[in-house]
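Chain by chain, the residues run as shown.
Protein chains: 2
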Amino acid sequence: MIDEEMQELFDKIQDLLVQKDYIALRSTLIELQEADIAGLIGELPDEDVPIVFRLLPKETAAECFAYLEPDVQATLINVFSDRELWNVIAGLYVDDMVDIIEEMPANVVMRIIRNTPYEKREQVNMILRYPKNSAGTIMTTEFVELKQWMTREQVFRNIRESGVEKETVYDCYVTDPSRRLIGVISVKDLIMSEDENATVDELMETEVISANVLEDRESVVDLMKKYGFVALPVTDGENRLVGIVTSDDALTVIEDESTEDIEIMAAITPSEKTYFRTTVFETWKMRIPWLLFLMISSVFTSKILQYFEGQLTANGALIAFMPMLMGTAGNAGGQVSVTIIRSLSIGEVHMSDILKIIWKEFRVSILCGITLAVVNFLKMLAVDNVTIGVALTVSVTISLTVVVAKFIGGILPVIAKRIGFDPAVMASPFITTICDAVSLLLYFRVASMILGI
Amino acid sequence: MIDEEMQELFDKIQDLLVQKDYIALRSTLIELQEADIAGLIGELPDEDVPIVFRLLPKETAAECFAYLEPDVQATLINVFSDRELWNVIAGLYVDDMVDIIEEMPANVVMRIIRNTPYEKREQVNMILRYPKNSAGTIMTTEFVELKQWMTREQVFRNIRESGVEKETVYDCYVTDPSRRLIGVISVKDLIMSEDENATVDELMETEVISANVLEDRESVVDLMKKYGFVALPVTDGENRLVGIVTSDDALTVIEDESTEDIEIMAAITPSEKTYFRTTVFETWKMRIPWLLFLMISSVFTSKILQYFEGQLTANGALIAFMPMLMGTAGNAGGQVSVTIIRSLSIGEVHMSDILKIIWKEFRVSILCGITLAVVNFLKMLAVDNVTIGVALTVSVTISLTVVVAKFIGGILPVIAKRIGFDPAVMASPFITTICDAVSLLLYFRVASMILGI
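Here the protein sequences come in this chain order: A and B. All letters in the first sequence, in the order written, are residues 403 to 855 by our numbering. All letters in the second sequence, in the order written, are residues 403 to 855 by our numbering.
Be careful, since some hints might not be right.
Any copy, or any two copies together, can satisfy a pair, since identical chains are not distinguished.
[Unchecked claim] In the DSSO-like style, the derived pairs of lysine-lysine whose C-alpha atoms are separated by at most 30 Å in a straight line are: (1) Lys-460 x Lys-687; (2) Lys-422 x Lys-675; (3) Lys-628 x Lys-549; (4) Lys-781 x Lys-628; (5) Lys-762 x Lys-781; (6) Lys-414 x Lys-590; (7) Lys-590 x Lys-627; (8) Lys-549 x Lys-762.
Since the hints were made in silico from the structure, they are not lab data.
Sequences are here, hints too, so could you generate the full structure?
Here's what the structure looks like:
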């Protein structure tokens with residue numbers, strides 16, 4: 403729904419609230435998609451939230467609850483009676499419930515758990531126990547499980563009775579009596595079969611691609627992308643079916659992983675919370691280690707400059723171009739490192755490609771180096787009012803720096819990956835620190851050769 | 403399939419090729435998933451590719467062809483007879499065909515188009531005409547279209563006869579005689595209905611959420627994420643159904659958009675090609691404009707330094723800490739800008755939040771500034787062998803710089819978005835250039851106050 407429509411609806415809802423016309427309000431709400439109802443409720447002042455939420459029919463209420471922002475959920479749970487809470491929780495899918503519990507403060511979690519039916523509580527606990535970022539934490543435990551002897555009608559009845567989420571219906575998994583995964587059959591296969599009485603056994607695919615529950619969630623999504631699956635079964639160490647991952651979970655994982663990459667590249671410790679839900683102190687904790695580390699590492703540039711202080715004070719004109727040289731080196735190196743990091747992360751480049759990377763970056767850096775040197779030389783003579791010697795020194799340094807920076811930017815992420823680090827830490831801020839030192843060393847070397855100082 | 407298994411299979415295939423045992427080779431291949439066959443063929447030397455490909459059964463061949471890398475596809479098309487080409491193309495889905503055509507050189511495209519059945523050619527042309535990044539370019543034109551009067555069995559027969567891709571079957575769209583979209587019905591709804599003879603009319607949802615064919619592909623994916631859809635119908639200006647977007651397309655869009663964001667943030671012009679498929683010259687073209695722009699913009703820092711050259715040569719100790727100050731400012735600003743850019747891009751932060759951002763960053767920057775100043779002061783006295791005055795100058799500057807840098811990093815992306823630029827251009831390299839100038843100005847100001855120079 404587009405923004406203007408939502409705005410209109412929101413005004414209407416507020417009017418109806420003022421007029422206390424709850425019947426009209428209810429009939430306005432039930433026309434809408436649950437995600438939209440949640441969006442509207444989220445905009446209301448806190449005191450109106452429970453009034454509107456209580457107008458929703460039972461099934462809509464639970465689904466809508468899952469879409470609400472955590473702070474609105476907490477507000478509601480606080481005013482719910484135990485009975486209301488029980489009803490909402492009974493209507494939630496296990497994976498949504500896990501998401502909610504992970505966001506709530508401890509006292510609210512206690513109340514939720516107290517009001518959860520025993521079997522569901524077991525499942526929630528199971529998912530919460532899996533290691534961070536494992537397949538187990540993104541899977542859902544509600545799915546359709548078939549037996550070999552079923553016919554189409556029996557499968558359909560089974561689906562009808564399971565009451566599971568829509569996206570988890572279309573790929574059904576077949577298990578043996580000890581719940582080991584032995585086949586997969588899609589609803590499409592069943593529909594496509596002309597013979598109504600064919601059994602699951604005859605139609606199922608027995609080469610099932612599955613993920614282990616402890617596997618990294620990223621590799622699960624890679625499998626789904628590779629084979630174009632909308633769902634992937636998850637098994638335990640003994641090949642027993644424990645859950646399935648669906649395509650909407652995959653979307654979330656891809657987005658989360660990209661955000662994480664981006665944060666690490668910008669020298670921030672990744673967090674799972676959104677910007678405004680992270681407190682000032684938490685934000686400080688995410689950023690300060692890297693700022694400190696990078697500040698301390700600049701001790702190398704300080705030492706280099708202290709060493710060459712005499713040269714610089716003797717030829718003050720050189721000082722003015724240090725930031726430009728360091729900046730260009732950092733940018734050139736950062737461009738490469740970020741490209742390589744991203745390509746490694748989405749599987750377009752592999753560790754074994756290191757020589758190909760070096761060769762390619764060498765040629766690119768020669769082109770870039772020459773372009774920058776020529777433009778810089780002309781610009782310095784025209785604008786900066788310096789001697790040809792100084793202009794030449796800076797221009798030669800710039801082209802050498804770019805070649806070295808692109809080399810460093812190309813190999814560091816691959817080396818990081820090989821020794822088991824996340825390549826993303828080798829992004830611009832880190833490369834910049836190294837390139838700063840390299841460019842200064844080159845600068846003084848070239849200066850002493852060209853200017854004889 | 404895990405890497406070792408693939409390696410084993412690949413060795414086996416090569417052995418069978420040497421022994422010319424094509425019967426065993428064929429039966430090995432047909433056991434595998436099409437994506438895996440394509441992966442294996444991609445590793446073979448060029449001369450073996452057609453031999454292996456020709457062993458595949460007709461349906462497998464087309465699907466496998468869609469998974470191959472563009473260079474392998476081109477190799478195959480070059481050796482195909484017209485008849486072979488026709489067969490492969492006949493088995494391709496329209497959206498896969500569009501992807502292939504977009505990657506091929508013009509002469510190959512001509513040959514493909516010549517060997518494409520008329521109706522398919524029309525559809526391909528239609529998709530190719532939509533503007534870049536629009537919904538039209540990611541949709542598929544093969545889907546199940548139902549009429550109101552159909553019953554479950556009739557729908558299933560319709561699905562059987564359509565022969566469309568799996569992921570496009572489960573949400574079926576209902577159109578009126580002039581092909582206008584009037585409803586949506588999922589296969590699950592049909593299965594869930596106890597009454598076998600209920601018609602589409604009675605079961606369908608009439609509030610259909612759809613995208614316009616010219617809409618940006620990113621907003622299409624946002625809709626799918628918001629409502630948790632596995633497919634979304636695409637309509638033209640008159641609400642006629644022209645295609646659907648499925649969840650695997652959404653995955654690709656999310657990944658592409660993140661890569662684009664990351665590239666822009668690293669001051670690279672985004673490209674749709676992978677790293678190794680971009681030529682050296684193209685890579686140069688993607689990177690050099692930004693390097694030049696950033697190099698030229700450092701004219702400000704040069705001017706500042708030229709202006710203060712006297713101060714610096716008079717107190718040489720100050721020179722050594724310039725890179726550290728500029729680096730820290732750039733890192734601090736970059737951390738904020740990247741966080742804000744990403745949050746804007748995934749919709750967690752909005753333009754109207756600018757005051758909240760400033761207030762939050764102000765508090766974070768005070769904490770970061772104090773921490774860095776204290777650590778730096780102690781480090782300079784202990785390691786750098788400088789006077790208390792110099793240590794104090796640098797430390798005070800650092801804390802002021804961090805506050806200003808975080809302010810700039812917080813507001814620039816939002817301002818960029820407001821005036822219609824992509825916020826991602828305001829990432830680290832750009833912020834760094836501004837922060838360099840700001841930190842130097844602050845440095846000289848503080849130095850003249852504390853050291854009296």
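*asked:* Cα distance capped at 30 Å. Does Lys-590 pair with Lys-627 within a copy, between copies, both, or neither?
replied: both (20 Å within a copy, 24 Å between copies)
*Intra/inter-copy verdict for Lys-628 and Lys-549 if alpha-carbon distance must be at most 30 Å*: within (28 Å within a copy, 34 Å between copies)
*asked:* At most 30 Å between CA atoms: does that hold for Lys-549 and Lys-762 within a copy, between copies, both, or neither?
replied: neither (55 Å within a copy, 56 Å between copies)
*For the identical chains here, do Lys-422 and Lys-675 meet the 30 Å Cα criterion within one copy, between copies, both, or neither?*
neither (37 Å within a copy, 58 Å between copies)
*Have a look at Lys-762 and Lys-781 and pick one of within, between, both or neither, based on CA distance no larger than 30 Å.*
within (29 Å within a copy, 41 Å between copies)
*Is the C-alpha distance from Lys-460 to Lys-687 at most 30 Å within one copy, between copies, in both cases, or in neither?*
So Lys-460 and Lys-687 fail the 30 Å test inside a copy (42 Å) and across (58 Å) alike.
_Intra- versus inter-copy proximity for Lys-628 and Lys-781 (alpha-carbon distance at most 30 Å)_ = Neither: 50 Å inside a copy, 51 Å across copies.
*Check Lys-414 against Lys-590 for me: Cα-Cα at most 30 Å, and say if that holds within a copy, between copies, both or neither.*
neither (43 Å within a copy, 34 Å between copies)
Hint violations for this structure: numbers 1, 2, 4, 6 and 8, all remaining hints satisfied.
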